[in-house]
Amino acid sequence: MVVKVYGSTRAACPQRVMACLLEKEVEFEIVHVDLDAGEQKKPEFLQRQPFGQVPAVEDGDFRLFESRAIIRYYATKYAGRGADLLGATPEERAVVDQWLEVEAHNFNDLAFNLVFHLVISPHMGLRSDLALVHSSEQKLEKVMDIYEQRLSKSKYLAGDFFSLADLSHLPAIRCLTEDAGLGHLVKERKFVNAWWEDISSRPSWKKLLTLL
Amino acid sequence: MAVKVYGPDYASPKRVLVCLIEKGVEFETVPIDLFKGEHKAPEFLKLQPFGSVPVIQDGDYTLFESRAIIRYYAEKYKHQGTDLLGKTIEERGLVEQWLEVEAQSFHPPIFDLVLKIVFGPFLGLTPDPKLFKESEDKLCVVLDIYEERLSKSKYLAGDFVSLADLSHLPFTQYLVGKMGKEYLIRDRKNVSAWWDDISSRPSWKKVLELWPGLY
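Line by line, the protein sequences give chains H and P.
Going by this note's numbering, the first sequence opens with residue 275, and the numbers climb by one from there.
Going by this note's numbering, the second sequence opens with residue 520, and the numbers climb by one from there.
Simulated from the structure, these hints should not be mistaken for laboratory data.
Accuracy of the hints is not assured; some may be wrong.
[Claimed, not checked] Under the rule of at most 25 angstroms between Cα atoms (straight-line distance), these lysine-lysine pairs were calculated in the BS3-like manner:
{"id": "1", "chain 1": "H", "residue 1": "LYS351", "chain 2": "P", "residue 2": "LYS725"}
{"id": "2", "chain 1": "P", "residue 1": "LYS708", "chain 2": "P", "residue 2": "LYS697"}
{"id": "3", "chain 1": "H", "residue 1": "LYS413", "chain 2": "P", "residue 2": "LYS673"}
{"id": "4", "chain 1": "P", "residue 1": "LYS565", "chain 2": "H", "residue 2": "LYS427"}
{"id": "5", "chain 1": "H", "residue 1": "LYS316", "chain 2": "P", "residue 2": "LYS657"}
{"id": "6", "chain 1": "P", "residue 1": "LYS657", "chain 2": "P", "residue 2": "LYS708"}
{"id": "7", "chain 1": "P", "residue 1": "LYS724", "chain 2": "P", "residue 2": "LYS597"}
{"id": "8", "chain 1": "H", "residue 1": "LYS351", "chain 2": "P", "residue 2": "LYS635"}
{"id": "9", "chain 1": "H", "residue 1": "LYS315", "chain 2": "P", "residue 2": "LYS657"}
{"id": "10", "chain 1": "P", "residue 1": "LYS657", "chain 2": "H", "residue 2": "LYS429"}
{"id": "11", "chain 1": "P", "residue 1": "LYS725", "chain 2": "P", "residue 2": "LYS697"}
{"id": "12", "chain 1": "P", "residue 1": "LYS673", "chain 2": "P", "residue 2": "LYS606"}
{"id": "13", "chain 1": "P", "residue 1": "LYS724", "chain 2": "H", "residue 2": "LYS413"}
{"id": "14", "chain 1": "H", "residue 1": "LYS427", "chain 2": "P", "residue 2": "LYS559"}
{"id": "15", "chain 1": "P", "residue 1": "LYS555", "chain 2": "P", "residue 2": "LYS542"}
{"id": "16", "chain 1": "H", "residue 1": "LYS480", "chain 2": "H", "residue 2": "LYS351"}
{"id": "17", "chain 1": "H", "residue 1": "LYS413", "chain 2": "H", "residue 2": "LYS427"}
{"id": "18", "chain 1": "H", "residue 1": "LYS413", "chain 2": "P", "residue 2": "LYS565"}
{"id": "19", "chain 1": "H", "residue 1": "LYS315", "chain 2": "P", "residue 2": "LYS652"}
{"id": "20", "chain 1": "H", "residue 1": "LYS316", "chain 2": "P", "residue 2": "LYS671"}
{"id": "21", "chain 1": "H", "residue 1": "LYS416", "chain 2": "P", "residue 2": "LYS555"}
{"id": "22", "chain 1": "H", "residue 1": "LYS481", "chain 2": "H", "residue 2": "LYS427"}
{"id": "23", "chain 1": "H", "residue 1": "LYS413", "chain 2": "P", "residue 2": "LYS635"}
{"id": "24", "chain 1": "P", "residue 1": "LYS606", "chain 2": "H", "residue 2": "LYS351"}
{"id": "25", "chain 1": "H", "residue 1": "LYS464", "chain 2": "P", "residue 2": "LYS697"}
{"id": "26", "chain 1": "P", "residue 1": "LYS595", "chain 2": "P", "residue 2": "LYS542"}
{"id": "27", "chain 1": "H", "residue 1": "LYS351", "chain 2": "H", "residue 2": "LYS413"}
{"id": "28", "chain 1": "H", "residue 1": "LYS416", "chain 2": "P", "residue 2": "LYS559"}
{"id": "29", "chain 1": "P", "residue 1": "LYS700", "chain 2": "P", "residue 2": "LYS725"}
{"id": "30", "chain 1": "H", "residue 1": "LYS416", "chain 2": "P", "residue 2": "LYS565"}
{"id": "31", "chain 1": "P", "residue 1": "LYS555", "chain 2": "P", "residue 2": "LYS565"}
Start from the sequences, fold in the hints, and give me the full structure.
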């Protein structure tokens, strides 16, 4: 049975799930949710995801939301198929979880502020909070410095293997570099740049970009 | 060799402490004084480059981010102590879902309230009632969703206690304490019953007894 992914191909969190399903060679179909029209806040969708957010998945009778929970679920369920995204040992898996938590808590909110005020607000005709943009950019620079240090010692975030932790960064970094004009965050850092070049040239990510 | 847990006096490390007690894993704690800036010292940054607590050391193995640490020990000692991950891959998926909800939707507003109301005076921050209201409103939206969920399910992920429930203990404990915000829990029948259940577990009582912090 084909996994149904509720969301939009243009939204970051559904992209996180789609990238993972492509890596794990799991067939899926996208059930489009019209975010511009606020479909995610309507009663019917709230039955599926009570916080009114995308993505949500439906896999037969099983339903799940929260993109980082969904990717952990499929990476575990299909551990033997496609790319191994969780490492080979419990210790390696925990380091994957560690950097996935870092992405969620130290990286994501700052990246979201920048994308929201530099890309989404103008698109929706809203005023951007430039002070927030400035402070978020400064904080994100410091975070990227820590990533630079980590990636100077480790090919990928969790070790010498590509994992959910790296994958989780793909949607936001694509948006920051291509849509928000903040490519310097990556390009000015030798190891971050090499890492970005590597992970963004994976066939599954390239395949996803054709779906946008 | 016992696991070392850094920063036991603060909330996030308590996520780890309660989990280790549930799993029957021996540990020792290493105090870190955030008010003295010990988390920004070079030796600490070698362990945790973002300068946050907790971090654990288990022999040669170092790990940070409390929710990564609890997942690790819950999995590593799956057959020991309380099972905190559910029995099937699908049950684990639901545990992950509600742990993400705690991290993404519950944590930011409650952290903001705790920072401003509990820690504000120590940090010289001017309390801003308008900022309280914004975070409190956001927290209420989340708690209303929990109320609905817990009307159908004894615990967040199902009929079994899990990491998702325990992850709420440290910051919610502030809420029902000196902050004067206990009504946020008590006004909601199912959330209130759930809170009483999880906070009366012997593991959490032990944490409160040994590391009362600013509760």
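Open item on the list: Hint by hint, where does the structure go against what was stated? Just the numbers, ascending.
Closed with: Result: hints 1, 3, 8, 10, 13, 15, 22, 25 and 27 break, sorted rising.
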